[in-house]
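Taken in order, these protein sequences are the chains called A and B.
If you want my numbering, it's the position in the first sequence, counting the first as 1, plus 34.
If you want my numbering, it's the position in the second sequence, counting the first as 1, plus 4.
Honestly, I wouldn't trust all of these hints.
Stated by the list, open to error - Chain B residues, not near chain A, derived (Cβ > 10 angstroms throughout):
hint	residue
1	9
2	34
3	36
4	62
5	106
6	116
7	124
Said to hold, decoys possible - Straight-line Cα separation of at most 25 angstroms, DSS-like style, residue types lysine-lysine; simulated pairs:
hint	chain 1	residue 1	chain 2	residue 2
8	A	101	A	127
9	A	88	B	118
10	A	71	B	118
11	A	114	A	124
Honestly, the hints are just simulated from the structure, not real lab data.
Predicted, not measured: the structure shown is a model, and the values here were computed from it.
The beta carbon of each residue, even a glycine, is placed where N, CA and C say it ideally should be.
Okay, here's what each chain looks like letter by letter:
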Amino acid sequence: MDGEPQKVGPCMWPIEEIPHSDQVYRQVPPPDRIGKKSRRYPNEGHFSLAAEEKGLSVNWDKYVTVKSVFELISLRLNKKGNFTDYSGFKIYKFPVGLIKTFDRIADVEHDPVCKGNPAPPGTPNNRAHSLVLHDDDLEIRVKLSEYCRDNHSESHCDFPISTLENEINEMRENVTSTIYHQCKWPAVGDKG
Amino acid sequence: MENYTVELQHIYEEIEHSKYLKDLPEDWDEQGAAAIDEALYEVSIGFLLKYAEYLLTEKHIIIESPEINPTRNGSVDLSWSTDNARMLINIRRKGGEMIAYYYGDLRDDKDVVKGSVSANKITDSLAVWMENLRK
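Extracted from the complex, chain B is given alone in its bound form (with noise of 0.2 angstroms):
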C-alpha cells in the first residue's frame, strides 16, 4: 500500500493513536465491555486506509479523519462528524466475516445511507457516499 504521508497525515496520526485500542483489557469501562478483537481493529485500520486511498487517488478527494474508537462489544467504529454529514461505520464479525455496518446522512436526515458491506474490499455506492466527508 502507498504512503500518501502529506495528503492523509490527519487519517494517520488518527491511526496512530488509534493503536491503544489493542490494548485495552476486558472491561476497559467497568461496565462490562469486551476487549477489542486484534484481527477486526487490523481489517477496520484496513478498510479505512482503503477508502481513504481510493478517494484520493481515483476522485482527487481528501476526506476527515474519522475518530476511531472502541465499541462494548469488542468492534471498532469509525465517526465522522463534519458541517455537513455524519457517518458511522462499525467493523465486526458475522459469522467467518468481516462486516462493516454503515449509517451516514447529510444532518437533519437528508441523504441517508444505511447498510453493510464486505470490511475486504471498496464498494463503489459506499465510496460515492463517503465523498461528502470530504475535507
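Looking at chain A on its own, in the form it has when it is part of the complex (with noise of 0.2 angstroms):
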C-alpha cells in the first residue's frame, strides 16, 4: 500500500565479521544526568546491560562516523515521545581488537537493526549496530570505563556538535526520509 512502510524480513543487512583492526563507538549521556556532584566520567554504570540486553550497544565505524551517531541519538523518540537531547552526550571509541582481548568478553558482534523501509519515526534503521556480548560483567564494566578515562584523547572523539544543529533540525522535519530510515546505507570512506 502506498504510504506504508515497506515491511523488511529480520534484517535486510547481512552480518559481517568485525575485523579488530577496525573500531566500535559507545554513545554515553551527559554527565548531568547522574547529579550534579564532580565525579568520574564515564563510569562503570554507563557500561551496564539494560534488561534483556545481552550485549553493551556499540557502532561499528565501516557503517558511521562520529557525526552519524549524533544523528542516530537525535532521531530517536525518548521514552516521553520527544526526539533525545543529542547535545551532551558523549562518544567514545574503542578497538575492537583491545576489547576482545578482556577475558571475560565472548565476542563483538555486528547486529544491524531493521526496523522498515522507511524506518517509522523515532526508530531509525542502524546497519553499524554491534553488541559487545558479555553478561553484564563487573570486571568488564570497570575496565571500559577506566580505559575511556585513562585514555581520553584516543577515546573520546571530540565533534563540534552545534554545526549540527540545522541538518539535524531538517532531518527532524522529514523523519523517514533520512538515510537511516532507507534501506541505502554505504559503508564509511573506502573501508566498504
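Taking the hints as your guide, dock the two standalone chains into a single complex.
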C-alpha cells in the first residue's frame, strides 16, 4: 500500500565479521543526568546492560562516523515521545582488537537494526549497530570505563556538535526520508 | 546504627548526594534505563554503612567513599577508584534476594577478587579485601 512502510525481514543487511583492526563507538549520556556532584566520567554504570540486553550496544565504524552517531541519537524518540537531546552526549571509541582481549567478553558481534523501509519515525535503522557480548560483567564495566578515562585523548571523539543543529532540525522535519530510515546505507569512506 | 560523624563524614556526604537516585525517572539516560528500585537503593546504602562501620570499629580502618551511581537496569553501583585499588560492587535483586556482586583488584589485575554475597550481612572475606580501600 502507498505510504505504508515496506515490511522487511529480520534484517535486510548481512551480518558481517568485525575485523580486529576496526573500531566501535559507544555513546554515553551527559554527566548531569547523574547528579550535580563532580565524579568520574564515564563511570561503570554507563557500560551496564539494560534488562533483556545480551550485550553492550555500540556502532561499528565501517558504517558510521562520529557525526552519524550523533544524528542517530537525535532521531530516536525517548520514552516521553520527544526526540532525544543529543547535545550533551559524549562518544567514545574502542579498538575491537583491544576489547576482544578482555577475558569475559565473548565477542563483538555485528547486529544491524532494521525497522522498516522507511523505518517509522523515532526508530531509525542502524546498519552499524553491534554488540559487545558479555554477561553484565563487573570487571568488563570497570575496564571499559577506566579505558576511556585513562586514554581520553584517543578514546573521546571530540566533535563540534553545534554545527549539526540545522541539519538535525531538517532531518527531524522529514523524519522518514533520512538515510537512516531508508535502506541505503553505504560503508564509510573506502572501508567498504 | 551508630553515627560516626567525624570518621565517616565523607561517606555520609556521598550518601546524601546519592538520594537523587530515588528520583531518577524511567529512561533517565534517554537510552531506555530503568528507574532505580527504592528498596534496592536503601539496601545498597545499608550495605555500604555496614561495611564502613564494621571496618572502622573492628579493624580501625577508615575506607574511602565510593561513588554511588545508577545503572541502566535499575540496580545500584558502589564504585571505588583509589591510587592502589579499584572495586565495583553492584547491588541487585536475584529472585527474592538482594545480592551484592563485586569485582576488585589492586591495579594491573593484581589480587583480583570477584564473586557475590548477600547484601544484608557482613561477609568476612569481602570485608578483608575492602581493607585495601583504606583512606
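Against the structure, the hints come out as follows:
{"no.": "1", "hint": "9", "in the structure": "holds (20 angstroms)"}
{"no.": "2", "hint": "34", "in the structure": "violated (4 angstroms)"}
{"no.": "3", "hint": "36", "in the structure": "violated (5 angstroms)"}
{"no.": "4", "hint": "62", "in the structure": "holds (26 angstroms)"}
{"no.": "5", "hint": "106", "in the structure": "violated (7 angstroms)"}
{"no.": "6", "hint": "116", "in the structure": "violated (8 angstroms)"}
{"no.": "7", "hint": "124", "in the structure": "holds (19 angstroms)"}
{"no.": "8", "hint": "A:101 / A:127", "in the structure": "holds (13 angstroms)"}
{"no.": "9", "hint": "A:88 / B:118", "in the structure": "holds (21 angstroms)"}
{"no.": "10", "hint": "A:71 / B:118", "in the structure": "violated (29 angstroms)"}
{"no.": "11", "hint": "A:114 / A:124", "in the structure": "holds (22 angstroms)"}
In summary, the numbered hints that this structure violates are 2, 3, 5, 6 and 10.
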